[in-house]
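> Protein chains in written order, with my numbering: chain A, 1 to 383; chain B, 1001 to 1383; chain C, 2001 to 2123; chain D, 3001 to 3123.
Misleading hints may appear alongside valid ones.
Stated by the list, open to error - Chain A regions said to be covered by chain B (calculated; three or more residues, Cβ under 8 angstroms):
id: 1; stretch: 8-19
id: 2; stretch: 23-32
id: 3; stretch: 35-46
id: 4; stretch: 73-84
id: 5; stretch: 92-102
id: 6; stretch: 185-193
id: 7; stretch: 340-346
Hints listed in this document are in silico derivations from the structure and should not be mistaken for laboratory results. By construction, the Cβ of each residue, glycine as well, lies at the ideal position given by its N, Cα and C atoms.
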Amino acid sequence: MEVYLDNNATSPISEKVAEAIKDSFAYYANPSSVHSLGIRVRNFMDDARNKVALALGVSKEEIIFTSGGTESDNLAILGSLKKTSKKHIVTSLVEHHAVLNLFKQLEKEGYEVTYLPVDKDGIVDLDSLSDCLRPDTALVSIMYANNETGAIQPIEKAVQIVKNMSEKIIFHTDAVQAFGKLPLSLRSIPIDMASVSAHKINGPKGVGALYVRKGLKIMPLFRGGHHEYGMRPGTENIMGIAGFGAASDEAVENLSSSIEKYTFLKKRLWEGIYKTIPRVLLNGGLDKTLPNTLNVSFTNIEGESIIIMLDLEGIAVSSGSACTSGSLESSHVLSAMGVPAAAAQGSIRFSFGRYNTEEEVDYVLEKLPPIVSRLRAMSPLEK
Amino acid sequence: MEVYLDNNATSPISEKVAEAIKDSFAYYANPSSVHSLGIRVRNFMDDARNKVALALGVSKEEIIFTSGGTESDNLAILGSLKKTSKKHIVTSLVEHHAVLNLFKQLEKEGYEVTYLPVDKDGIVDLDSLSDCLRPDTALVSIMYANNETGAIQPIEKAVQIVKNMSEKIIFHTDAVQAFGKLPLSLRSIPIDMASVSAHKINGPKGVGALYVRKGLKIMPLFRGGHHEYGMRPGTENIMGIAGFGAASDEAVENLSSSIEKYTFLKKRLWEGIYKTIPRVLLNGGLDKTLPNTLNVSFTNIEGESIIIMLDLEGIAVSSGSACTSGSLESSHVLSAMGVPAAAAQGSIRFSFGRYNTEEEVDYVLEKLPPIVSRLRAMSPLEK
Amino acid sequence: MQYSEKVMDHFRNPRNVGEIENPDGIGYVGNAACGDIMELYIKVEENIITDAKFKTFGCGAAIATSSIMTELVKGKTIEEAEKISNKAIIEALDGLPTIKRHCSVLAEEAMKKAIEDYRSKNV
Amino acid sequence: MQYSEKVMDHFRNPRNVGEIENPDGIGYVGNAACGDIMELYIKVEENIITDAKFKTFGCGAAIATSSIMTELVKGKTIEEAEKISNKAIIEALDGLPTIKRHCSVLAEEAMKKAIEDYRSKNV
Ligand SMILES: Cc1ncc(COP(=O)(O)O)c(C=O)c1O
Ligand SMILES: Cc1ncc(COP(=O)(O)O)c(C=O)c1O
């Protein structure tokens, strides 16, 4: 059996997305061209732009296509900081590396950074947010939902706190994991920018978007032609954009049924683990997290060895974020939540997607307990 | 008849590329993942990397995938400038906007820029290059072949001049238009970096690469995970990369036959134009230009109106670069070559690709003369 | 750039192309470096424009705005013709892409110059 | 990360897992925060290592290096065992991914500590 439970890392392309990509091959001209072949491609691209916009609850003039979530995060943050001389910026301790590593770099370059702490469930502390805002605060970037634990952040409240302090503080959210998994209606919150990525919702890898609220101007990350309202130069990734449009459409269409399905599968998996395996910890809890994400610590054993053992049974999961797997650091997210090292090291993220079934969950529940036992039998911490 | 002669703007996806893209759908995991599904994708991606490397005559560890030519140019230039404190940089007056607009921005930020002039055929003046180099010269960026006229630059000589002055001056070339159209063997020249893009050679739009010579370290344009040897973060565009690999493979395979074919078609088109239409100018000449590119000025009439008239007959061409079409500036390339305004405004670029035929050229030769006559009959400059 | 059908019609079938022999007024605006040159000719009888022709070097919008301008002024008094704004031209063409609006301004200016020329000869 | 077949074999079927009752030497290295802990046990008779066992908390490479180390030392003299370098371990495993080389260092250190422990008890 092949069971893919790593959908937060990336997800397989759906049939409709594959169709949209194949259809895009006929739109081969350059959308910047004057001739009618070019105009056709421009309209084709704007169709997809509209679909992404609808999924976010915004309008298509507010969508800039990028090469993915990482670029969107960087464009939002660097692009707006280049417009101001203020030097205080705020984020949380549990951001994705696309945001966190950028903030660390900015800190080196002279910015003053506040990293907001989180509680034991990984929820950002709003009092710390209120307290840290200053007259020279330029920007606040807090993710919508966490990639490792699925923790859903109180974004609406956070935006209110920031905008009450000053309308001028830019509020950005990394909505890469929330997009297509939670109902989003960004127009109804005074949020300035939001990053999304196609490949987390059965779209292609290498294409993302940045929502930039109407009226807000940011600087491009790099220079070239006048594409994407002057904010993102380079010939557009038509094939990827077409796939992204189709994926957004489908995500909206299936939203309530997938939330229902994920909630069921997640509960079944957690209850099964809890019943059959001693000394497990649920990181982030069941309810304040994305319906598709379950993060569990198996104390006294290490994540990579669990992953490989599961892999040998055909089960694909990850520990921490896909970007850091293979690196030596343990999860900065779990450590910010206060999870002790011996438990953090043994954390596994199960993330559900469109194609998972109840049978797959039961298969995991059959294979997992003996693996944990075997590894614990080898562990010097088990005494 | 539909005749697409705008292959320098972008080109249609070939069948093999389409197949490679469809095949990539089965490689759906994240190449950074620990599990075997991830490893499979990593190997799949490295296959494509190898193909791109072979087409450039370099090795696969020297290839960084990006979102296209524009990003590659910016990554090369900004990424190496961040590693030095030297403030003099050199480029030519005929670069693509991805390079030229970046240099203009750097000039604003305090860099001293030398813009090398070109001769009447658009060839960069090497004496000016020798003369301008200084102890604080950080970088020289000269394109391999021009997108508008096809002018092929004396890159080998330019590199020698620069490296004779100092090994430490970084030499970058925008090889976006040369790639797949000229034999390239970058390893045999002491060049440091070269930018390429898939969509100019029947690959997908939105994916490119930067060759970074072994041992050279540059800074990333933006932050995130440790992808692409730490130089370009973000989940990789697997589908685009697969298509790029296939396109590179094909370009190498077909190189000599396409050069032959393009040379024939170009000569036929130019001779036909020259015989039937008075007062035309060949910009860049026939021999020092890319075999697939023909740039002709029809004096006293304006490019956009020619394009639209041709478009009404099913013929797609462009004037200037696709990025500037629709903008009001006239071609900076032709103006650097000293082409007078009334001729520069009426310049048309015919750029051949894989699927063009002799019949298509004859069709253009049938439709073009009456269009030029009609527009000239309307022109106040024709007296 | 996406032109309206009206613009495309005036571009494909421009009205009143050419010169008027012994015109009563000529308006010449633009230059080659900018990419647009318009030359408008008018024939005036008893303060009414009885004929108008144009020659234009320029893009599709430049040709279309010149063409429609010659249509709009025919039969109008000098005072009426003088009041035709670039907005009126854009409306008459069912719109113009933003970056092409300057063409309608050129057409307005060319007509004003032609009228000025006519007046300067008829004081 | 792509492990060699040898590493995968030692990971799937680790040799000599467990503890030795009344061992002659124990080596303990690493900590949970770093993600790797190794505990090696040796039994020594007449300067020859007659048995070795391990317990390891860590990644696939940590388990495989511990496992192969216990195999390598069995039957060797103390002096021979002491000379087994991390390079020898990497070689015996047909290679390790670069970012996993520290595991081989840990295994070397754990064995050295076990021998040190044995010596300290047998002076
Ligand atoms: C929360 C979050 N932000 C950003 C990213 C980066 O997106 P991408 O991989 O498309 O660059 C990811 C996923 O990798 C993510 O989970
Ligand atoms: C010479 C040259 N450089 C750079 C680019 C930019 O490449 P891309 O469109 O892939 O960003 C192009 C084409 O648009 C080009 O012709």
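> None of the hints should be skipped; say for each whether it holds.
Comparing the hints with the structure gives:
| no. | hint | result |
| --- | --- | --- |
| 1 | 8-19 | holds (count 6) |
| 2 | 23-32 | holds (count 5) |
| 3 | 35-46 | holds (count 4) |
| 4 | 73-84 | holds (count 4) |
| 5 | 92-102 | holds (count 5) |
| 6 | 185-193 | violated (count 0) |
| 7 | 340-346 | violated (count 0) |
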